Amino acid sequence: MTEPVLPNPVLPNPVLEVRGLTKSFGALKATDEVSLALIPGEIHALIGPNGAGKSTLVAQIAGQLTQDTGEIWLGGREISGLSVAGRARLGLGRTFQVSSLALEFSALRNVMLAVQGRLGSSFGFVAPVRRDARLLDPARAVLDRFGLAERAEVTAAALSHGERRQLELAMAFALEPKVLLLDEPMAGMGAGGTRALTKVLGAMRDTVPMLLIEHDMDAVFALADRISVLAEGRVIFSGPPDAVRASAIVREVYLGGEG
Amino acid sequence: MTTALLIEQLLNGLQFGVMLFLMAAGLTLVFGVMGLINLAHGSLYMAGAFVCATVTGSTGSFWLGLGAGALAAAALGALVEIGVMRRLYGRGHLDQVLATFALILIFSEGTRMVFGAQPLWLDMPKSLSGHVSLPGGAVYPVFRLAIIGAGLAVAAGLYVLIQRTRLGMRIRAGESDREMIAALGVDIARLYTVVFALGAGLAGLAGAMIGALQSVEVGMGEPVLILAFVTIVIGGIGSIRGALVGALLVGMVDTMGRIFLPVLFGLFTDPASATSIGSALASMLIYLMMAAILAVRPKGLFPAHG
Amino acid sequence: MAEPGNAIPDSPRSGGSPLPPLGGGLGRGSVESWLNAALAVLLLAAPLAAIGLGEPYYANLASRVAILALAGVGLNLALGYGGMISFGHAAFFGIGGYVAGILAQGAFNAAPVISWPVEVMGSDSMVPIWLAAMAVSGVAAVAIGAISLRTSGVYFIMITLAFAQMIYYFAISWPAYGGEDGLSITVRNGFPGLDTYDPLSFFLICYGVLMLALALSWRIMGTRFGAALMCARMNPERLATVGIEPTPVKLAAFVISAMITGLAGALFADLNGFVSPSMLSWHTSGQIMIFVILGGVGRLFGPVAGAALYVLMEHVLGGLTVHWQLPLGLILLGVVLFARGGLVGMVAGGARHD
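Chains as they are written, first to last, in numbering that gives the first Met the number 0: chain W, 0 to 258; chain F, 0 to 305; chain U, 0 to 353.
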């Protein structure tokens with residue numbers, strides 16, 4: 000028994016749409032007819048208890064996993080069959096729950112790689128990268144914006160946990176994405192880090208809409224314009240933060256487990 | 000193409016397959032449980048053959064030699080595991096390939112130093128050196144039938160070991176989650192040594208048996224090693240069932256291919272060309288089959304880890 | 000943790016200083032650069048000195064080092080930089096050798112090498128032979144790579160091995176190209192303006208080709224392609240997430256790598272005057288890997304150091320005992336277990352990828 004999804008007033012066209020996504024692993028239905036939409040200018044949070052299927056859902060949207068049924072649309076184009084790289088090129092930016100960086104590269108080279116991905120020119124065999132302003136300038140600008148300018152030449156492996164999370168975000172941002180998929184960006188950050196990152200994300204709201212998967216409820220309620228609640232693979236509730244806070248269903252789902 | 004020849008070749012294929020299984024089972028266990036690629040497995044096969052030949056030569060008993068060969072290979076395996084392999088777990092495949100390649104050089108040259116470059120004599124035991132008559136008029140060596148029997152017995156024994164014993168349980172658990180069983184208090188170091196020694200013993204057994212059939216010389220393990228790897232790749236690395244299926248498949252296809260491909264080409268061209276094209280293709284056949292299987296199932300037929 | 004910073008709109012900083020060079024860049028003063036220069040000079044000086052002292056044999060030995068190093072430079076591109084553990088590079092080495100042998104044989108017999116669908120005549124001139132060797136190796140690599148790159152990990156290692164074995168068995172069984180006996184190159188191929196029978200001239204050709212290949216390798220790794228390739232090795236998931244498909248990048252590197260190793264094979268055939276099917280064996284694949292590992296995986300001059308060390312050991316140890324492969328194996332084992340960066344790593348420390 001689920002409460003209906005609260006109807007929204009007239010929405011602008013969604014940038015990211017998930018329609019009826021289903022994914023089973025044998026008898027386990029990890030994703031059960033999930034539908035979501037992300038509109039411009041919003042931060043849409045996806046929450047749910049452990050085992051709800053959030054990671055599986057993110058993996059399908061990003062392209063790492065193929066759904067059994069359902070469609071995924073980005074900016075009016077169906078991307079359901081595209082590879083991870085294909086979706087990234089179309090504007091799907093993504094950060095990982097566990098930082099996934101080119102650890103032997105400096106922070107700067109990591110971001111340059113993202114810029115290179117955006118420019119779509121990886122088969123240039125001729126021009127050396129180290130003096131290439133078309134990669135250097137945008138990369139330095141992005142690092143600056145995310146407060147990593149001082150750490151540009153530091154090898155990614157030597158960065159602190161918090162800096163790595165920022166670098167993840169910077170790289171996704173350097174793609175100039177249409178949509179950002181953020182998979183637990185606050186994971187492992189202390190209180191100070193979480194507050195700072197919350198500020199950064201809030202400031203980016205108008206630049207790029209975000210689908211934010213998070214456990215940290217303070218961050219969620221501080222940032223989200225809409226919240227969808229996932230449990231046992233299904234979206235059991237979707238609406239503005241106040242409605243979510245007030246919902247009996249949501250409280251029931253979270254009872255016995257840390258939200 | 001007579002029935003007799005067909006039956007004979009089928010049995011040869013089975014015997015080859017069974018011997019490959021002995022090699023492949025050890026390889027796949029070691030990879031499945033420890034994640035280790037071991038190119039020196041062929042050297043353990045060779046060690047079994049050499050020890051068997053030496054002991055048989057000095058005691059006159061093939062059975063003693065056989066036992067000694069298998070045990071010596073197991074012991075050598077344990078030593079190698081403790082001395083070298085322990086440092087390779089968790090290192091990338093490149094390091095493992097190179098380190099075990101280095102071991103091949105060391106073992107081959109070492110054997111040459113001790114035994115010289117000439118092959119050793121190893122006669123099969125009198126009790127098994129006869130022939131039996133088979134339906135269709137075929138006459139087949141008893142020793143080969145014994146090898147088939149031994150191999151199938153080992154397969155059954157492995158099944159019982161893996162499925163029904165404590166050790167087998169630890170092996171199965173170790174294949175799925177190394178860290179977990181360590182956390183549960185299983186002595187990982189000893190488990191690994193036992194698994195490695197078990198695989199080595201099987202290889203030594205195979206080497207001793209085939210040594211009596213063919214010859215005992217340095218480098219005898221290498222062609223077998225390559226085929227054993229092909230076998231476990233086809234069967235799915237980490238799966239004993241895959242090793243059995245893969246080994247029988249490889250054994251059959253290779254044996255039958257060598258006989259039938261030249262015959263097949265003989266239908267189209269002259270005998271000389273048919274033989275050369277046929278043999279060329281027959282040698283390549285196993286690899287073509289592996290490439291085709293991997294193209295469709297990139298992790299083999301029965302991948303243990305999916 | 001650094002402050003994530005103010006939410007001010009982009010404050011672009013123009014230009015910025017160019018990055019420090021990749022470790023291994025030439026002439027920039029890092030330890031590795033000096034080591035590379037030293038290796039390059041030593042490899043040139045040794046045979047020159049030997050010739051001066053009236054010992055032309057050592058010029059041939061130096062040619063051997065240069066050619067084996069070249070094979071390693073090829074493999075290093077795929078394996079060292081690209082992280083693709085190809086256990087079948089002997090296939091390309093052998094293909095290069097056989098192309099050279101077949102073309103030379105065709106020229107010697109004044110008969111066409113292929114009559115259908117087009118007639119291809121033989122050649123006894125090095126440059127066309129090199130181009131042909133590289134072309135055929137490249138085509139083979141496209142096929143082998145396209146299939147092999149559908150797999151990963153140990154499966155990739157095995158399938159590359161399998162392809163090399165296929166070609167090996169084909170070569171020993173196919174009588175037209177010598178079968179088990181291999182092919183002789185009766186007359187060494189020619190190079191405009193040089194007497195290729197002169198050991199020094201032949202060495203200079205090999206050395207020149209090696210230096211060109213190294214320069215190419217260095218140059219490529221400094222480009223966007225090189226960056227993508229290194230990331231494909233380090234973290235293919237990350238590469239895809241920034242919008243770059245890893246497989247085409249790896250395939251391109253695999254093909255280039257095969258072409259360089261194929262070129263080495265063609266030179267090797269000329270050096271020995273003979274193409275042996277053992278050039279295709281998995282032992283040869285292992286040996287090329289040894290050069291790369293001994294010298295330092297993913298280091299520009301790694302294969303040069305490795306090949307030099309290997310040939311030196313073969314020569315010195317081989318002079319002491321016929322069982323020289325035993326100490327070789329022990330040394331190799333020692334390097335793998337304890338000196339992971341190889342020779343270059345020991346001298347110059349870890350690689351820098353800025």
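Misleading hints may appear alongside valid ones.
[Unchecked claim] To list a few chain U residues with every Cβ distance to chain F over 10 Å, as calculated:
{"#": "1", "residue": "A37"}
{"#": "2", "residue": "G51"}
{"#": "3", "residue": "L52"}
{"#": "4", "residue": "A161"}
{"#": "5", "residue": "I171"}
{"#": "6", "residue": "R187"}
{"#": "7", "residue": "G285"}
[Claimed, not checked] Partial list, derived from the structure: chain U residues whose beta carbon lies under 7 Å from chain F:
{"#": "8", "residue": "V119"}
{"#": "9", "residue": "L148"}
{"#": "10", "residue": "T150"}
{"#": "11", "residue": "M157"}
{"#": "12", "residue": "I292"}
[Stated by the list, open to error] Now the in silico label distances, taken between C-beta atoms and shown as ranges:
{"#": "13", "chain 1": "F", "residue 1": "G218", "chain 2": "W", "residue 2": "E152", "range": "29 to 35 Å"}
{"#": "14", "chain 1": "U", "residue 1": "A37", "chain 2": "W", "residue 2": "G187", "range": "43 to 49 Å"}
{"#": "15", "chain 1": "U", "residue 1": "A338", "chain 2": "F", "residue 2": "K125", "range": "49 to 55 Å"}
These aren't lab readings, by the way, just hints derived from the structure by calculation. Here the structure is a predicted model, which is why all the values come from computation and not from measurement. We put the CB at the ideal spot given by N, CA and C, even for glycine.
Status of each hint after checking the structure:
Look at A37 (chain U): its CB is around 26 Å from the nearest CB on chain F, clear of 10 Å, so calling it non-interface holds up. Non-interface call for G51 (chain U) relative to chain F: holds, since the shortest CB-CB distance, roughly 36 Å, exceeds 10 Å. No beta-carbon of chain F is positioned within 10 Å of the beta-carbon of L52 (chain U); the least distance is around 33 Å. With a cut of 10 Å on Cβ distances, A161 (chain U) falls inside the contact zone with chain F, its closest approach being about 4 Å.
Its beta-carbon lying about 8 Å from the closest one in chain F, I171 (chain U) breaks the requirement of being farther than 10 Å from that chain. R187 (chain U), annotated as away from the interface, keeps every beta carbon of chain F farther than 10 Å; the closest lies near 29 Å. Distance to chain F contradicts G285 (chain U) as a non-interface residue, since its nearest Cβ pair spans about 5 Å, not more than 10 Å. Annotation: interface hint on V119 (chain U) violated; nearest CB of chain F at approximately 22 Å, more than 7 Å.
A distance limit of 7 Å between C-beta atoms decides the matter here; for L148 (chain U) the minimum to chain F is near 10 Å, and the interface restraint is violated. The interface hint given for T150 (chain U) holds, since its Cβ lies 5 Å from the closest Cβ of chain F, which is under the 7 Å cut-off. Checking M157 (chain U) against chain F: minimum C-beta separation of about 5 Å stays under 7 Å; hint holds. For the restraint placing I292 (chain U) at the interface with chain F, the shortest Cβ-Cβ distance is roughly 5 Å, inside the 7 Å limit, so the hint holds.
Between G218 (chain F) and E152 (chain W) the C-beta distance comes to about 52 Å, which lies outside the given range of 29 to 35 Å. At about 46 Å, the beta-carbon gap between A37 (chain U) and G187 (chain W) stays in the expected band of 43 to 49 Å. In this structure the supplied range 49 to 55 Å holds for A338 (chain U) paired with K125 (chain F), their Cβ-Cβ distance being about 53 Å.
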